[in-house]
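Novice: Start counting the sequence shown at 1316; every next residue gets the next number (our numbering).
In short, the hints are calculated from the structure, not lab data. Backbone N, C-alpha and C fix where the C-beta goes; we use that ideal spot for every residue, glycine too. Among these hints, one or two may not hold up.
Restraint ranges, calculated between C-beta atoms of paired labels, are given here [to be verified]:
#, residue 1, residue 2, range
1, Gly1539, Lys1576, 37 to 43 Å
2, Asn1377, Gly1356, 42 to 48 Å
3, Lys1576, Arg1434, 37 to 43 Å
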Amino acid sequence: MRSTCLAAFVLTIASLADVLVAADLAPARPFDTTKRVPFTGSRVVGSPDPPAPYVIRQAFPNVKLFEPLAITTAPGTGRFIVAERKGQLQTIAMRPDAAPRPLLSFGGKTIYGVAAHPRFAQNGYLYVMTIQDPTEGAPKGSRVSRFTVDRTGDWSVNAFTEQIVIEWPSGGHNGGNMAFGPDGYLYIACGDGSGIADERQTGQKIDDLFACLLRIDVDHASGGENYAIPSDNPFVNTPGARPEVYAYGLRQLWKFSFDRKTGDLWGGDVGQDLWEMVYRIEKGG
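The task is simple: from the sequences and hints, build the whole structure.
Specialist: Here it is as structure tokens:
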């Protein structure tokens, strides 16, 4: 009996060794790139190094920032506004000798995005995206607020000027980048609200704000909200859809910007394990 068990054990180990050797000898497949259509039409040339005669120089030697995540210009003022991740807004004059000055603190709440109104020089409106509650699924964990900046003397912001514009549930991917488009509307990135593999299964849905790029009119109010819906948003007449949605299927649109010459919208999306993405985003796409 003992010899029979020993023989069976030896046979099992030998079989396992054969399998491992066969697997080791099998040709490696590079994930599933064999299914991908080769991209051979790229017109990108050169390298990340600046071409001659350009060189990299420190433009603001007195500026030291802690984990800056977003920067915007304050139109008509000659200043930058910078958001640091751990809840601090700084303002910086556009001068080589400038140093950052505190503008507003959010008490440690994470800031993901900041955008100055196109008529900031007249109204002082500043839009800030914060994580109010990082708990996954917190109903109003992600928030975009409007603040009014006092531009007399050294700039300051009274926290009591806050007007909540829009909120959505928090999660591993909160989105957060914001920018005003050439059309004057505010564009807001919302992540898919999860940390892995579209756990909410919401990437291809338009009945919530997850995994979407929003487009809203912050100069008007409508329907009990502190914003209105542009009449040409792509899903305003789609039953069950959130009319704020401009584009969807965006896992975590971390940064985006508009081409100043063409008006094209480009965004950088966070990948899962292997690939990051850069998209040209179109209305309804």
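Novice: Hint by hint, say whether it matches the structure.
Specialist: Structure-based check of each hint:
no. : hint                          : verdict
1   : Gly1539 - Lys1576: 37 to 43 Å : 39 Å, holds
2   : Asn1377 - Gly1356: 42 to 48 Å : 45 Å, holds
3   : Lys1576 - Arg1434: 37 to 43 Å : 23 Å, violated
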